[in-house]
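*Asks:* Protein chains in written order, with the numbering used here: chain G, 1 to 274; chain W, 1 to 488.
Bear in mind the hints are in silico, worked out from the structure with no lab data behind them. No false leads were slipped in.
Distance ranges between label pairs, derived from CB positions:
#: 1; chain 1: W; residue 1: Val440; chain 2: G; residue 2: Lys147; range: 44 to 50 Å
#: 2; chain 1: G; residue 1: Pro12; chain 2: W; residue 2: Glu250; range: 41 to 47 Å
#: 3; chain 1: W; residue 1: Leu96; chain 2: G; residue 2: Thr54; range: 50 to 56 Å
#: 4; chain 1: G; residue 1: Lys122; chain 2: W; residue 2: Val440; range: 36 to 42 Å
#: 5; chain 1: W; residue 1: Leu406; chain 2: G; residue 2: Arg146; range: 55 to 61 Å
#: 6; chain 1: G; residue 1: Asp248; chain 2: W; residue 2: Asp219; range: 40 to 46 Å
#: 7; chain 1: G; residue 1: Thr54; chain 2: W; residue 2: Glu329; range: 53 to 59 Å
#: 8; chain 1: W; residue 1: Gly462; chain 2: G; residue 2: Ser160; range: 53 to 59 Å
#: 9; chain 1: W; residue 1: Arg30; chain 2: G; residue 2: Gly229; range: 53 to 59 Å
#: 10; chain 1: W; residue 1: Asp219; chain 2: G; residue 2: Ser160; range: 51 to 57 Å
#: 11; chain 1: G; residue 1: Asp248; chain 2: W; residue 2: Gln426; range: 21 to 27 Å
#: 12; chain 1: G; residue 1: Thr54; chain 2: W; residue 2: Gln75; range: 52 to 58 Å
#: 13; chain 1: W; residue 1: Gln426; chain 2: G; residue 2: Asp150; range: 31 to 37 Å
#: 14; chain 1: W; residue 1: Asp246; chain 2: G; residue 2: Gly229; range: 34 to 40 Å
Listed below are several chain W residues computed to face chain G (Cβ distance under 7 Å; list not exhaustive):
#: 15; residue: Asn235
#: 16; residue: Thr241
#: 17; residue: Ile242
#: 18; residue: Asn273
#: 19; residue: Val275
#: 20; residue: Asn281
#: 21; residue: Glu282
#: 22; residue: Thr285
#: 23; residue: Glu296
#: 24; residue: Ser297
Glycine included, every Cβ here is placed at the ideal spot set by N, Cα and C.
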Amino acid sequence: MNKIVSKEYLSPNVVKFEVEAPLIAKARKAGHFVIVRVGEKGERIPLTIADANTEKGTITLIVQKIGLSTSKLCELNEGDCITDLVGPLGKATHIDNFGTVVCACGGVGTAPMLPIAEAMKKAGNHVITVLAARTKELIILEEQMRKFSDEVIIMTDDGSYGNKGLVTDGVEMVIKRQKVDLCVTIGPAIMMKFVSELTKRYDIPTIASLNTIMVDGTGMCGACRISVGGKTKFVCVDGPEFDAHQVDFDEMLIRLNGYKDIEREQLHKISPNN
Amino acid sequence: MTNFNEERMQPWRVELRNSMKPKDRMEIARVKMPELDPEYRSHTMKEEVNLGLTPEMALMESKRCIDCANPTCVQGCPVAINIPKFIKNIERGEFLEAAKTLKETSVLPAVCGRVCPQEKQCEAQCIHLKTKNEAVAIGHLERFAADYERETGNISIPEIAAPLHKKVAAVGSGPAGLAFAGDMAKMGYEVVLFEALHEIGGVLRYGIPEFRLPNKIVDAEIRNLIAMGVHFVTNCIIGKTITIDDLLAEDYKGIFIGSGAGLPRFMNIKGENLVGIMSSNEYLTRVNLMDAANPESDTPVIKGKKVAVIGGGNTAMDAVRTARRLGAEKAMIVYRRTEQEMPARVEEIKHAKEEGIEFMTLRNPIEYYGDKNGRVTHMLLQVMELGEPDASGRRSPVEVKGKTELVEVDEVIVSVGVSPNPLIPQSVKGLEVTGRGTLVVNEETMQTSIPYIFAGGDIVRGGATVILAMGDGRKAAKGMNEWIRSFT
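Sequences are here, hints too, so could you generate the full structure?
*Replies:* The following block contains the structure:
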């Protein structure tokens, strides 16, 4: 069960896994995620499904090493099994022919954006992808993104590749030059917050795919809850995608940091130098 | 009911009855369950508080039962266990026979003996109460018989009928699904039970803590079902991973939905999304299912020093006692009515108090405040009083205008109830659902508006008890069997 078929490093800290999961491969749609657990003492963490191959019965997961569980996962090799893998979870992305769609993604957020860009393109949209990272080495999936985009704009903080600047600079550049019908944004919460503030100024409908803390991922605990338009929603069942202009990103940022101290301690388990 | 009487007239029962006068039986004091010392146990996570009866204690308690001609206790049991028969088997020293008697009607006796609210069920109907005596400790005796069987390694596997070569599925591995699976397996069906989480047991696993229900007890009951041929599939969400239609395509003849009421309710008051405020489901799942209190576990849990649990049910008691064990100096129950109205078991309330839990009754939170990092620091409580009785006869709480209290907290656990899990109702077209989100069933057969789908437990009742869920599972098994046989 859940055997790793292939493993590939996309950047020094980002690993792409192809995992056996025939039922999930068949059922998943763009926007869906899975919950994985590594080891009998492992925690449950959410990961978006980046791609699937129904013939091979595999799904693709792209993992950034940021803490204990992602590091444990990234240590697994081809042939190893993931202890638990459940999904597909969440609501699928609403795909339609909107016109021009800007996909604004940063860092590992590019992975969950990939299937959305693909579906948007297939639905007849003009897809412009703004792909951002701190430096050149951290840009991932550029080639795949080009396949599903009519245009790819690369942004790096230090200007080591593409344009120098933040993802918002790239998005604003597009907005200023042409009509944008929808913006989809996935990345760190702070990035999505700024993309949302930008597109709100220009009155462009914007969808954000949120990455909150989760435990079960099936709606039974509310660890992932956020405020959308003043109402409490569970990201795992009501989302993960929401109208970005309605999301209380400041609250979400605070909640994401709720276990920061414990997480820092936990890291010592794998590497005492952290 | 006829066989109850026939069994009662068996020579050994008659002899046993005649061996002691009812009056003498009534004079024996109810045996006390030995318990761990409160000071010690409030610092230990996994040791069970109730230690169980010794054989001598069980024998003495069994003598208190006068073996009534009309055993009203049985009517108080949702699965109608033959209570006098198992108790009299204990009295004559046939402990394994007592355990077998329990299994005639219950698949989880070791669980129910521990978590049933007996004072509202079987024990509430005991004849002793009519003479102002304490009821026979039926729950303690049930637990004794089941534990004796397990601990002596003599677990009997119920007789299984010849295989029917017909597949049925159960969705959800909580008490309803387990009871359904056990009965269907006995009748010769091939039973596959699908569970969304990575472990079996539903609320028995993620909800009820080990100090009340040790995991090894749940494991033993599940091993028993596996020995009966029940097949378990974890990490599989019906309606997401595979659909009901997929099951039909794989030739499942009937599907039982026991997906429970796992959706936590929040109060939707200001500040409720601050860090440190969570549902009891999240808190208990972290600690019980994910073993978060164990340093070896990767799952973190906040260990508050001043913890408030909002609510007065069993889940609230479990959460507050867990918080105490994780090191809370001040662990508080905040409840808007008085202790009399609390839905929690009397025993749990008593245990909580002994462990130093503070009870703040006639209080209701109306707002939470946090620090600059968004961590909860205070709760504002509205002082309440009891008003006129409502239609159900329960006095409803009303606020005392202008009277509030500000209380320091660093962790809040919201335990104000659960709603039915909407996953299945949403994913199956044509399934009739009530306004509260529960599934509509025929109360006799547990059949839903879709003939091949049966349902039971909290998905039908809203938040209820383990034994009612089990009773539903058994009824559904009977209903589904009759329905399948009606056309084959």
